[in-house]
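Participant: Please model the complete structure; the sequences and the hints are all you need to start from.
Taken in order, the sequence shown gives residues 1 to 1078; the numbers are from the UniProt record's numbering.
Hints may be right or wrong, so weigh each one.
Claimed, not checked - Straight-line Cα separation of at most 27 angstroms, BS3-like style, residue types lysine-lysine; simulated pairs: (1) 64 <-> 205; (2) 252 <-> 187; (3) 1025 <-> 718; (4) 655 <-> 581; (5) 655 <-> 559; (6) 870 <-> 956; (7) 580 <-> 834; (8) 580 <-> 992; (9) 456 <-> 581.
To be verified - Cβ pair distances, simulated, as ranges: (10) 728 <-> 1015: 43 to 53 angstroms; (11) 728 <-> 151: 41 to 51 angstroms; (12) 294 <-> 17: 49 to 59 angstroms; (13) 603 <-> 997: 21 to 31 angstroms; (14) 194 <-> 719: 32 to 42 angstroms; (15) 343 <-> 64: 25 to 35 angstroms; (16) 1022 <-> 383: 48 to 58 angstroms; (17) 936 <-> 567: 35 to 45 angstroms; (18) 274 <-> 339: 46 to 56 angstroms; (19) 191 <-> 707: 39 to 49 angstroms; (20) 239 <-> 1022: 54 to 64 angstroms; (21) 657 <-> 609: 39 to 49 angstroms; (22) 383 <-> 464: 32 to 42 angstroms.
It should be emphasised that the hints constitute simulated quantities derived from the structure, not laboratory data. Even for Gly, the Cβ is constructed at its ideal location relative to N, Cα and C.
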Amino acid sequence: MPKSGPSDKLWNVRIEQYINGSFKFQRGQRPKPGSIWARVFNKIDKCPRHTNVSGKDLFGSLVKCNCGYHGQVKKQAFKPKSVVTDTDTGSTSTSLPVTTTPVTTGESDVVLAQSVTTKKTSAGNVELFSSASPQEVVPTATGLVKGSRQPTDYSLRLPKSWQEHLVVRFAAKEDARWIGKSLFSSKGVLSNDLPTWNFPPPAPKPTDLAKPNPAKYFLRRLFLWMPYRMWGVSLKCNSCKLHNLTSKGLYKTIRLVLDMTDYYYLVTEYLQCTQCNASYRGYDKLVMEQLPYALRCQFPAVLTYKFACDMTVVSLMRSRTLGNSPTALQNNLEEMHSEAWLKKSIRYLNDCKRYQKGAARLAGMQNIVFDEPPPFRNPPTAKWFLTAHVKFLFEQLDTMKASLTSVYGSVLKIDSSKKIVKKLQGKHAGTANWATSVGNEKGEVVLTVLTTSESKSTLQPMADGLMGRYAAASESPPILLYTDRDCCNRQGPSKYQDLFCQWPDLIVRLDIWHFMRRLAAGCTTESHPLYGPFMTSLSKCIFEWDANDMALLFDAKRKEIHRSIGRMPTDVAVRKAIGKKELSRHCRRQTRGLDATITGIEALLHSFHPATDYLGVPIFKQEMFDIWNEQKRHVSCIQDPPNISLYTFTGRIEKGGVALPVYRCSRGSTSLESFHLHLNRFIPGSSANPNNFQAYLMEGITRWNADRMVAGIDLEQKPTLRLYDVQLQSVGNNLFQTMLGKTILPAHRMPGVYTQELIGMEYLCAQSNISMPTVDLSGGNDEGFASDLDEMQEDSPLEINLDYVDLPGEVESKFEEILSEESVDATGLPGWNKVDSLAKALVDLQGAAVGQSDVQRIQSLWNNVEDFDKRPIQFEQRFQKKTTGRFHRVRQPDKTHTGSDSAARAFVTGAEPGFGPTQCRLMEAIFTRLCDQTPNPAKASTDQRFASRWKIAVLKYNQLRQSLDNSILPGLTGIQLLPVNETSVTKWYKEKVRKQTQTTLLHGISEVETAMATTALPSYQTLPKAPPARQHEEMEQSDPADTVGGATWAKKKSDTPSTSVTITRIVIGNSVTSAIVF
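Facilitator: As structure tokens, then:
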């Protein structure tokens, strides 16, 4: 007889004995490798419950079974049949091995690999039966099986209102099941010791045998907010003010909260006063205000009437940067939600595909019908995001007002702008003409108001408020005020002296930039070739520099150039290498005085008066001297007040081995002009209604001042935390100081009490006798923004050309000068004739091959150039430090080095960055000769169109690079010819021609030398080590007392926790710790 293996009945008995440990396989007794029974025993061997004899881990917890056999053997009746014959239909069925995977998935759940029997009917259809026990064999509609024993439906434990919300409104039956199982011990009875965040069970594994249920892949987490039940917080009734609140049960509504990639549920408790019967929800404002900040900050959402939004989503709209708008946030969230939904759908459908393959292979089943994933839920519109953000801001409006009215300064600046008022829409559109701001010497904004005009009567309430603020805080009045107009009055005090009449010692000065712009109005056009030199000379007529600072910068620059080229540069080269930014950053200056300024400007005007460009267009208009005669009386208004320090020392940087000081200047109102550019960007889009306008304005100014305040303090360690929430910083500082004896935020100071000054839109409404629109914090319809594309731009301040600065003649060179017969370039560096000879030899090369004689000649010329011309070119960083956008995201940003993504993209595409001819002197000499050879456009061949001279020069340059690559010159010399493009060559040539034109036109015009101060400038100020102490009354933060555990519980046995409180003393070493046990 042929040999036959053990029967199914014997294998089932062995499984039961093997699990109990009473059976061990001997040699030759294990099932055939690869068979169904072998896979079953391998699964049992890998189960952690089988390998752990005690059934418990190191912490005493029960080890869970993942094979499905442990704990189920006694409950299952193993009665498989190898062959079952149906006498009625004449069909046969084949038995599969038993798998006792527990069924907990609900009505549509099935088990693919129980002891199942397939039966082929006469119609040719395949039906699948479960043979775990005879009474459980029930065919299902889909051809799969379902046991007659139904799993427990934990959703029935939920309150009826919760079931309606989850099952009917949200169509989340599976969510109702896991919430009922996790949160409720029985029907309507909450479990004890519940956490605030409750997470659903993980999605099914790919190895699960049950039919995939789409709802299990889209489960949502739940946030439970019950301060009374969970923490025992004592809460007072807001109506009667006498009695405590007690629990009234669970609030019937489940809120759906929008998160970054999905939604989550928010539930709370119902609280009731037993005396006046007033009812409150756990997250009502009246309840939240009674919670200490440590508990209140755990609440994660911003609630409106219809929707709810997580705080992380709202925080994305806080930064007042360009392009940060509700529409941008909506687009980003919609993309992230879409990606998360599709990934879950792919996971579910892939498991369906795997299940279908298994059913076809094991049971011969085909065309199994699967449920579709839950529909995608679109995020709210941009208008709603704006509503949520404005609601959050108006809840903090009092704190922002107090912070703004707690800013002071000794040097004030006042300026107005029209750009931002154009964005005001609604019924207030067209009512505001100016946005007037007052700033201080640190760049902070003291106040910003919207006004109908700049008249004295219009600005008087603002001035009264500022003077009252200083008086209430016992602050010293400011000593200096910069303005762009109304600096003086021939008949008496100026406009601002009348406005701030309580400050009789206030000095009013005209901003020098605006004074120069008034004279610039006499020029024919800013595009005139001599406009830049004229403005540079005008600046020299007004200012004189500190000689010590200039000498130190001159020495540092000389040593820096020496390190770069390997030899001492000439004084001319050093002077031309110093730029305007370095001068303003490392050197102090002051005005030259009334007489010297008038004399210098008059001489300058007479010197430039006959000057013209190549076309004969004069630099000045005919009314230039009339303008000067009118503005001459304001020269005294631009002079620096005596003995007033306008510079603050902010640190030092090293350049050329010399430590150079870094200064910050408080002269003029240019910093306020820069703020108005940012102020215009605080309001995204092109329009906003009054409420949104006010909210964005207050938030932007508050955050602006917070950044300026931190920058104005010389902290020992740079702060690592970036925070703007005043209450959060205050509570954190107090707790760190109390518990750890240190301050976590040394730059933070509590603001003073709000001084009731009108700010922004409030000032405009008071002038127009229009009430400020109220904000519906419960969520209403807002106009929002019309567009995010038309970004308003403001003209940038005039840049004065100081690229070439004449340093004082008294500064004598201490180093050896270069020989006069050695030629220098435009920057004063020697050896230009040698570089030009090498460039000529390279340009003269013909063809793609380089002869031996040419190689020897070029090698000799290369050896003859200066050493600093032979040094390899140092490349600046031209890559994006962080690539953004849909097609520029890296897969592992944390593991990617800075710039590696740009390098990889350049490698894959074979792209090269385009450089300019100024990268090295040899490239500049080559292009000078190539451009001279092609003065006009020409044809590359007879059958082609005309090409520009720049394109022809680039083509010849590329041919030269090819010729060098095909020769041995790269190995004999260090010649580097970088790739260029037509745009970079065009820009280089235009800049070169512009400088040549200026040099030619300036012949015959007397040059104004840079003046050095003959007397010492006032000593500079230093940054304080801590925020200055203020005498104003500090704002009180409403942080209620911590009443955790102080709630009074009802006397019902079914209600939660006992109110008894035990204080246990725990002795650890020499210290005693008290633990509160409820």
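Participant: Each hint should be assessed against the structure and marked as holding or not.
Facilitator: So, going through the hints one by one against the coordinates:
no.	hint	verdict
1	64 <-> 205	16 angstroms, holds
2	252 <-> 187	15 angstroms, holds
3	1025 <-> 718	12 angstroms, holds
4	655 <-> 581	14 angstroms, holds
5	655 <-> 559	8 angstroms, holds
6	870 <-> 956	23 angstroms, holds
7	580 <-> 834	31 angstroms, violated
8	580 <-> 992	19 angstroms, holds
9	456 <-> 581	38 angstroms, violated
10	728 <-> 1015: 43 to 53 angstroms	50 angstroms, holds
11	728 <-> 151: 41 to 51 angstroms	46 angstroms, holds
12	294 <-> 17: 49 to 59 angstroms	58 angstroms, holds
13	603 <-> 997: 21 to 31 angstroms	24 angstroms, holds
14	194 <-> 719: 32 to 42 angstroms	37 angstroms, holds
15	343 <-> 64: 25 to 35 angstroms	27 angstroms, holds
16	1022 <-> 383: 48 to 58 angstroms	50 angstroms, holds
17	936 <-> 567: 35 to 45 angstroms	41 angstroms, holds
18	274 <-> 339: 46 to 56 angstroms	50 angstroms, holds
19	191 <-> 707: 39 to 49 angstroms	47 angstroms, holds
20	239 <-> 1022: 54 to 64 angstroms	57 angstroms, holds
21	657 <-> 609: 39 to 49 angstroms	46 angstroms, holds
22	383 <-> 464: 32 to 42 angstroms	39 angstroms, holds
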